[in-house]
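Given chain A, put chain B in place with the hints provided.
Next come the chains, spelled out residue by residue.
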Amino acid sequence: MKQPLLELKDVSKTYPGVQALKKVDFDLYAGELHFLLGENGAGKSTLMKILSGSVQKDSGTISLDGREITMNSPRDADRHGIAMVYQELSLFPALSVAENIMAGRLPRRKVTGMVNWGRAHADSRKILDGLGLDIPTTTPVQDLGVGASQLIEIGKALSRKVRVLLLDEPTSALSVHEVERLFQIIGDLLKRGIAIIYVSHKLAEVPRLAHRVTVLRDGEKVGTLDVKDAAEPTLIRMMVGREVTDRYPKETVPLGNPVLEVEGLCLGRRVRDVSFAVREGEIVGVFGLRGSGRTSLARSLFGLEPRDGGIIRIRGRVADIRSPGDAIRAGLGYITEERKLGLVMRMGVAPNMTFAALGSLLRFGLIDHAREREAAVGLIQRLRIVTPHVYQLVEFLSGGSQQKVALARWLCAKAHVLIMDEPTRGIDVGAKVEVYKFLSQQAREGAGVLFFSSELPEVMGISDRVLVMAQGELVATFDGGKSASDDIMAYAAGGCGSSPGGVLS
Amino acid sequence: MSKLSLETGTGQVPAPLTYRQQRRSMFSALAGPATGLLLMLTILSIVSPHFLTSLNLLNVSRQAATNIIMAAGQSLVIFTGGIDLSVGSVMALAASTAIVAITHHGLNLWLGILLCLLVGAGCGFVNGVIITKGKVPDFIVTLGMLSAARGLALLVTDGMPVPSHYVAVRAYMPRALIALGAGEVLGIPAPFFIALVVIGVTWFISQHTRTGRHLYAVGGNREAARVSGINVEHSKVAAYTASGLLAAVAGLVLAGRLNSANAHMGTGAELNAIASVVMGGTNLFGGEGSLGGTLIGGTTLSVLANGLNLLAVSPFWQQVAMGTVVVSVVVFDQWRRRRLAGRG
Numbered sequence: 001m002k003q004p005l006l007e008l009k010d011v012s013k014t015y016p017g018v019q020a021l022k023k024v025d026f027d028l029y030a031g032e033l034h035f036l037l038g039e040n041g042a043g044k045s046t047l048m049k050i051l052s053g054s055v056q057k058d059s060g061t062i063s064l065d066g067r068e069i070t071m072n073s074p075r076d077a078d079r080h081g082i083a084m085v086y087q088e089l090s091l092f093p094a095l096s097v098a099e100n101i102m103a104g105r106l107p108r109r110k111v112t113g114m115v116n117w118g119r120a121h122a123d124s125r126k127i128l129d130g131l132g133l134d135i136p137t138t139t140p141v142q143d144l145g146v147g148a149s150q151l152i153e154i155g156k157a158l159s160r161k162v163r164v165l166l167l168d169e170p171t172s173a174l175s176v177h178e179v180e181r182l183f184q185i186i187g188d189l190l191k192r193g194i195a196i197i198y199v200s201h202k203l204a205e206v207p208r209l210a211h212r213v214t215v216l217r218d219g220e221k222v223g224t225l226d227v228k229d230a231a232e233p234t235l236i237r238m239m240v241g242r243e244v245t246d247r248y249p250k251e252t253v254p255l256g257n258p259v260l261e262v263e264g265l266c267l268g269r270r271v272r273d274v275s276f277a278v279r280e281g282e283i284v285g286v287f288g289l290r291g292s293g294r295t296s297l298a299r300s301l302f303g304l305e306p307r308d309g310g311i312i313r314i315r316g317r318v319a320d321i322r323s324p325g326d327a328i329r330a331g332l333g334y335i336t337e338e339r340k341l342g343l344v345m346r347m348g349v350a351p352n353m354t355f356a357a358l359g360s361l362l363r364f365g366l367i368d369h370a371r372e373r374e375a376a377v378g379l380i381q382r383l384r385i386v387t388p389h390v391y392q393l394v395e396f397l398s399g400g401s402q403q404k405v406a407l408a409r410w411l412c413a414k415a416h417v418l419i420m421d422e423p424t425r426g427i428d429v430g431a432k433v434e435v436y437k438f439l440s441q442q443a444r445e446g447a448g449v450l451f452f453s454s455e456l457p458e459v460m461g462i463s464d465r466v467l468v469m470a471q472g473e474l475v476a477t478f479d480g481g482k483s484a485s486d487d488i489m490a491y492a493a494g495g496c497g498s499s500p501g502g503v504l505s
Numbered sequence: 506m507s508k509l510s511l512e513t514g515t516g517q518v519p520a521p522l523t524y525r526q527q528r529r530s531m532f533s534a535l536a537g538p539a540t541g542l543l544l545m546l547t548i549l550s551i552v553s554p555h556f557l558t559s560l561n562l563l564n565v566s567r568q569a570a571t572n573i574i575m576a577a578g579q580s581l582v583i584f585t586g587g588i589d590l591s592v593g594s595v596m597a598l599a600a601s602t603a604i605v606a607i608t609h610h611g612l613n614l615w616l617g618i619l620l621c622l623l624v625g626a627g628c629g630f631v632n633g634v635i636i637t638k639g640k641v642p643d644f645i646v647t648l649g650m651l652s653a654a655r656g657l658a659l660l661v662t663d664g665m666p667v668p669s670h671y672v673a674v675r676a677y678m679p680r681a682l683i684a685l686g687a688g689e690v691l692g693i694p695a696p697f698f699i700a701l702v703v704i705g706v707t708w709f710i711s712q713h714t715r716t717g718r719h720l721y722a723v724g725g726n727r728e729a730a731r732v733s734g735i736n737v738e739h740s741k742v743a744a745y746t747a748s749g750l751l752a753a754v755a756g757l758v759l760a761g762r763l764n765s766a767n768a769h770m771g772t773g774a775e776l777n778a779i780a781s782v783v784m785g786g787t788n789l790f791g792g793e794g795s796l797g798g799t800l801i802g803g804t805t806l807s808v809l810a811n812g813l814n815l816l817a818v819s820p821f822w823q824q825v826a827m828g829t830v831v832v833s834v835v836v837f838d839q840w841r842r843r844r845l846a847g848r849g
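Line by line, the protein sequences are chains A and B. When the first sequence is numbered by this note's numbering, its final residue is 505 and no position is left out of the sequence of numbers. When the second sequence is numbered by this note's numbering, its final residue is 849 and no position is left out of the sequence of numbers.
Isolated chain A, as found in the complex (with noise of 0.2 angstroms):
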């Protein structure tokens, strides 16, 4: 058996709270493209992460060509010829494309030290010819669709002299037709003998580019099989098999009136013509892949994006949503996909409690601090939020108390429809437990629960119905039974890859 280009071993990494990856176990061989799978939160993004030199990993150690090297900075990777294209270009919009391809390594004139353009412009033309473009070197990149500037990433990286290809889910934001081209260039590469790992949600492409599959589920390898035996129903059974019966408490409670309906919903091409109901007591999934249309959803319903059109109603009542003021007014809540952006850092937990529920305690016009003070040592106690005092700064406190302290404004407004965009994101599952637990009792004391997530065990887990998203569409509802699994994520993932052409493009 030959040596392999690119070895990891026991490779572990922890965030404060979470740890990523435990000892994983990976490897890559010339010329071979190696299919990284699993879900949100699964481990991926950190491996790509150490292998690009933009995070260390704790213990471990990665080879190259069989010699133990030193990943410490993106500079070592660009060294040792392993390069990363980011998911979220990292190209300067205003610049020619001859400029992002050469970024950071101008050729210069030996004498003058100015820049070398007609060298720089014929370096760069030399990339794009081999990768089939034939767009003027002199051209912004901002002048260029998605498509193109994937393809400039692309360029970009193989101006160094590259052995390693690391690409982010390269497809999800390509059309029909240009997913092909990049597909012909990745099969050019690997011809050259250049290794790929190739990260993506969409199973379809397994058969198409692997040569194999490693699937990591929680931080931990699940398994690496050969692309003859990676059938999808197998793979979606590695990605997604774990236990799921005592981690998600779930009550069963009798469901009452509607509370919230939204008919016709739109918002540009982002959400389209999205139709449903949530039940008093009831929890309701929203399964969706990255791309999928499901933030943008929670974000128009709680009127931070103004919809183009659909109707929403509250208990019965047509809510005209414009703004986030209306929507709480409406008695809507609303947790933010990334808890930055839903909490105010550097002021205290009481603050961050009251601001939506301000309103009910004022005396004379002026905040009653003591009955602030009051309300939030109650939510505090109630949600178990670790915290030494109730105007410590949130930023001090935990992943999992600052995700219950944005679940406290909600209660402390009295919402009785809770939004909730990835409430468990970046939490650990103790913190888990009791978030699913908060939405279990609200909806059994009568709100209405609409739970988006990427994660299948956990909305599989909590909810009673599961609706489906991809492409901006509902495309199929599941009771919340535990078989269904393999059929909600080939409509997730199928969405995706079988779209019609030129959606996106």
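The reader is advised that the hints may include incorrect statements.
[What the hints assert, rightly or not] When the alpha-carbon atoms are kept at most 27 angstroms apart in a straight line, the in silico DSSO-like pairs for lysine-lysine are as follows:
#1 A:Lys23 - A:Lys414
#2 A:Lys250 - A:Lys228
#3 A:Lys2 - B:Lys638
#4 B:Lys638 - A:Lys340
#5 A:Lys191 - A:Lys161
#6 A:Lys9 - A:Lys340
Calculated directly from the structure, the hints in this document are not laboratory data.
Only chain B this time, still in chain A's reference frame:
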């Protein structure tokens, strides 16, 4: 793990810090700026025999007043994460307009004062609306106002000090205005008394009203404020309007003290106002700070200027010294905060 219960948990019960305790912990944030002021007072008392005399101290407080009043408005803007570069010009425009209207056109004194406040608040309101509705950076909008308001002030006064003997209906300042600048209240110079009232009122608004709470929230995390249902645009407009209004108040006080107004008053005042706020420990990026700090910062700045005068330092060197001290105080404060944060 699934046995966890929300209601019956025996988790850590927080000590319910009282409002007064919270106040006290906030005072500790003023420790840095206050130390700077005390240090300066001590040094100046030792090196200059004229410094620690009641006459001199009353004089300093009189001089500090207009800057402190403007800095109070500036604080509200900086809490929201903004900046108001136009306060010096707005002060000149508001004061000049009022004095011209009163002395050249015979407008009633109280209507004149009202006009002054309206002009100031109006300029601030325009700043706020353009910043929020036009989505233009604060820096650019208020820089534009800095230039435009100064130009308008020159137009209104025809470039001359007012009241002007050539065109005045009554060529003297009303007594009430002179009293604003030169009078005394409870043994304190009237300007400083007004500055203390302004600091008190703005402090009260910042700590005890919903509007005040919203200013900090908007500056601390604009997106979170929005998600919490706070109207970010209204908060910002309110802050700029208050800043313009207080610039007008400062203009009245200064006109009273100088017994005259002119289009060039308050040139560069915006920098002193901003320096005072920052020296008071307020975060220039918004979300944190206090008006107590601004009072200390503004006083420090005036004490320093006075001390350098008493020591007969050349005015050229004075500017160098002022700049150096402002930056040093902030560097020290940042260093102290990082250490505290590291420990907490």
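So, going through the hints one by one against the coordinates:
In summary, the hint linking Lys23 of chain A to Lys414 of chain A is not supported, as the alpha carbons are separated by about 45 angstroms, beyond the 27 angstroms threshold. Restraint check for Lys250 of chain A and Lys228 of chain A: the C-alpha separation of about 39 angstroms exceeds 27 angstroms, so the hint is violated. For the hint linking Lys2 of chain A to Lys638 of chain B, the alpha-carbon distance of about 64 angstroms lies beyond 27 angstroms, and the restraint is violated. At roughly 25 angstroms between alpha-carbon atoms, Lys638 of chain B and Lys340 of chain A fall within 27 angstroms of each other, so this suggested pair holds.
Between the alpha carbons of Lys191 of chain A and Lys161 of chain A the distance comes to roughly 16 angstroms, so the proposed pair stays at or under 27 angstroms and holds. For the given pair, Lys9 of chain A sits about 34 angstroms from Lys340 of chain A by alpha-carbon distance, which is inconsistent with the 27 angstroms threshold.
Against the hints set out earlier in the document, violations occur for numbers 1, 2, 3, 6.
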